[in-house]
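K.L.:
Spelled out from the first residue to the last, the chains are:
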Amino acid sequence: MTLKQTPSQTVGPYFAYGLTPEQYGYEYKSLFGPLLAGPEARGEHIRLTGRVFDGDGVPVNDAMIEILQPDADGHFVASSSEARASDFRGFGRCGTGTHASLHFWFDTVKPGAAAPGEAPHIDVIVTMRGMLSHAFTRVYFEDEAEANARDPVLAALPPERRATLVARREQHPGGAAYRFDIRMQGPKETVFFDL
Amino acid sequence: MAAVVSPHAPVAEPLSPRDWASHPPYVYPAYKSTIKRGPTRPLVPLADAHARRRAPVYGHEDIGPLDSDLTKNAARNGEPLGERIVVTGRVLDEGGRPVANTLVEIWQANAAGRYVHKVDQHHAPLDPNFLGAGRCLTDAQGRYRFLTVKPGAYPWGNHPNGWRPNHIHFSLFGEYFASRLVTQMFFPGDPLLAFDPIYQSAPEGARERLVSQLNLDVVGEPGFALGFEFDIVLRGAAQTPMGR
Numbered sequence: 000m001t002l003k004q005t006p007s008q009t010v011g012p013y014f015a016y017g018l019t020p021e022q023y024g025y026e027y028k029s030l031f032g033p034l035l036a037g038p039e040a041r042g043e044h045i046r047l048t049g050r051v052f053d054g055d056g057v058p059v060n061d062a063m064i065e066i067l068q069p070d071a072d073g074h075f076v077a078s079s080s081e082a083r084a085s086d087f088r089g090f091g092r093c094g095t096g097t098h099a100s101l102h103f104w105f106d107t108v109k110p111g112a113a114a115p116g117e118a119p120h121i122d123v124i125v126t127m128r129g130m131l132s133h134a135f136t137r138v139y140f141e142d143e144a145e146a147n148a149r150d151p152v153l154a155a156l157p158p159e160r161r162a163t164l165v166a167r168r169e170q171h172p173g174g175a176a177y178r179f180d181i182r183m184q185g186p187k188e189t190v191f192f193d194l
Numbered sequence: 000m001a002a003v004v005s006p007h008a009p010v011a012e013p014l015s016p017r018d019w020a021s022h023p024p025y026v027y028p029a030y031k032s033t034i035k036r037g038p039t040r041p042l043v044p045l046a047d048a049h050a051r052r053r054a055p056v057y058g059h060e061d062i063g064p065l066d067s068d069l070t071k072n073a074a075r076n077g078e079p080l081g082e083r084i085v086v087t088g089r090v091l092d093e094g095g096r097p098v099a100n101t102l103v104e105i106w107q108a109n110a111a112g113r114y115v116h117k118v119d120q121h122h123a124p125l126d127p128n129f130l131g132a133g134r135c136l137t138d139a140q141g142r143y144r145f146l147t148v149k150p151g152a153y154p155w156g157n158h159p160n161g162w163r164p165n166h167i168h169f170s171l172f173g174e175y176f177a178s179r180l181v182t183q184m185f186f187p188g189d190p191l192l193a194f195d196p197i198y199q200s201a202p203e204g205a206r207e208r209l210v211s212q213l214n215l216d217v218v219g220e221p222g223f224a225l226g227f228e229f230d231i232v233l234r235g236a237a238q239t240p241m242g243r
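Protein chains in written order, with numbering that gives the first Met the number 0: chain E, 0 to 194; chain X, 0 to 243.
Check each hint, because a few of them may be wrong.
To be verified - Covered stretches of chain X (in silico footprint by chain E; criterion: 3 or more residues with CB under 8 Å from a CB of chain E, positions within the stretch not fixed):
(1) 38 to 44
(2) 179 to 187
(3) 199 to 205
Stated by the list, open to error - With a straight-line Cα cutoff of 30 Å, these simulated BS3-like cross-link-like pairs (lysine-lysine) come out:
(4) X:K35 with E:K187
(5) X:K71 with X:K117
(6) E:K3 with X:K31
(7) E:K3 with X:K117
(8) X:K71 with X:K31
(9) X:K71 with E:K3
Claimed, not checked - With beta-carbon atoms standing in for the labels, derived distance ranges:
(10) X:A193 with E:T1: 26 to 36 Å
(11) X:P64 with E:A154: 29 to 39 Å
(12) E:G174 with X:L125: 35 to 45 Å
In short, the hints are calculated from the structure, not lab data.
We put the beta carbon where it would ideally sit given N, CA and C, even for glycine.
For reference, chain E alone in the conformation it holds in the complex (with noise of 0.2 Å):
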């Protein structure tokens, strides 16, 4: 080690015209979205929403979420033209700036286990104003109890709080849907890990 980390800082208010364009209506192209599999995509698509809460349990305005995995088969998308093909991008970015119920969402396929052993998850960051450091956390899918119940990860954790990690799959006109709430603070606290 000869060199030392760059510090990290807010992501502010502002990120929306320059990290999520699109989606807040700015005129300048997005890089990601909340958009991860196209129509030729395959696998069972599914919409995963959710709110992030702050300690006094207020949805948080202005919070980026990102999220990466792997497609329907647990394979992990390796190249942008690899990306075409598959019309599935892997990897999505969302304000929670944009709606009035100030949800994020993201329009994706259910994920397939990456490795023996593993349950279906997906990868996702936080970030906001008021987060001097991003946090990473993940989504693992209610109607996939027995797997969860194997998978080393969720097994490590105490067992009151494996549950903040486990989306809720409800119905939305499109189709199946999976909630997953992110409690900053609290008795319910999301956990973060470090990776």
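Once you have looked at the hints, place chain X on chain E.
P.N.:
Chain X in isolation, oriented as in the chain E frame:
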């Protein structure tokens, strides 16, 4: 055919951890918004294999030709007001190796200290020829380069008559999912740094790395712009194997 940035072969070396002696704490009460928004429980360690995932994928075809020139990428009928500046530097890992082909996204206030963002209500003028957002990929030496105007200071409600120092926001991914970094670049000699709880939230001895250096030699054309150099160090392989 545009080059594809990823994938790379998986690396065998573990990724160095987040160096919490270099990063701010989640809750830093002088920056009031952290009090209700920073996680309070200890982070749960996750196995290194997950940290080294190469993601996301993007390519040169995603970057527009004017994306790194903020003086032109939103111009309507002229040039933006303000001091023209070149902002350049290298993205490196802790071993000093360049991080090539990595995405650097920036956003900033205009020269008057006003952000285009709709919720910015600061009573300063918008500039019809300036958006304030840019991006580029680093070259083989890890170098990025932007042409922009120097952002102004602006007031914020954190404390009475608080003003943010001039700064540019940076967002980077680096080589790995876990090397993600969102940070801010400041300007040398800014007297507001001493009063800024966001800058001060980074530990002493680390926060100084957020301040760019004046370097007039990076501009090229004399008399065209001021130059500022800002190197960024991301997490990388934990150690350099013998022979590299």
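K.L.:
If a hint holds in the structure, say so; if it does not, say that too.
P.N.:
Here is how each hint holds up against the structure:
1. 38 to 44: As far as the region 38 to 44 of chain X goes, the hint holds, because 6 residues have Cβ atoms under 8 Å from chain E.
2. 179 to 187: The restraint on the region 179 to 187 of chain X holds, since 5 of its residues have a Cβ under 8 Å from chain E and three suffice.
3. 199 to 205: holds (count 4)
4. X:K35 with E:K187: 14 Å, holds
5. X:K71 with X:K117: 21 Å, holds
6. E:K3 with X:K31: 27 Å, holds
7. E:K3 with X:K117: 36 Å, violated
8. X:K71 with X:K31: Given that 30 Å is the threshold and the Cα spacing comes to 36 Å, the pair is violated.
9. X:K71 with E:K3: With Cα atoms ~34 Å apart, K71 of chain X and K3 of chain E exceed 30 Å; violated.
10. X:A193 with E:T1: 26 to 36 Å: With a Cβ separation near 29 Å, A193 of chain X and T1 of chain E satisfy 26 to 36 Å, so the hint holds.
11. X:P64 with E:A154: 29 to 39 Å: 50 Å, violated
12. E:G174 with X:L125: 35 to 45 Å: Distance hint for G174 of chain E, L125 of chain X holds at roughly 41 Å.
Hints 7, 8, 9 and 11 from the earlier list are contradicted by this structure; the remaining hints agree with it.
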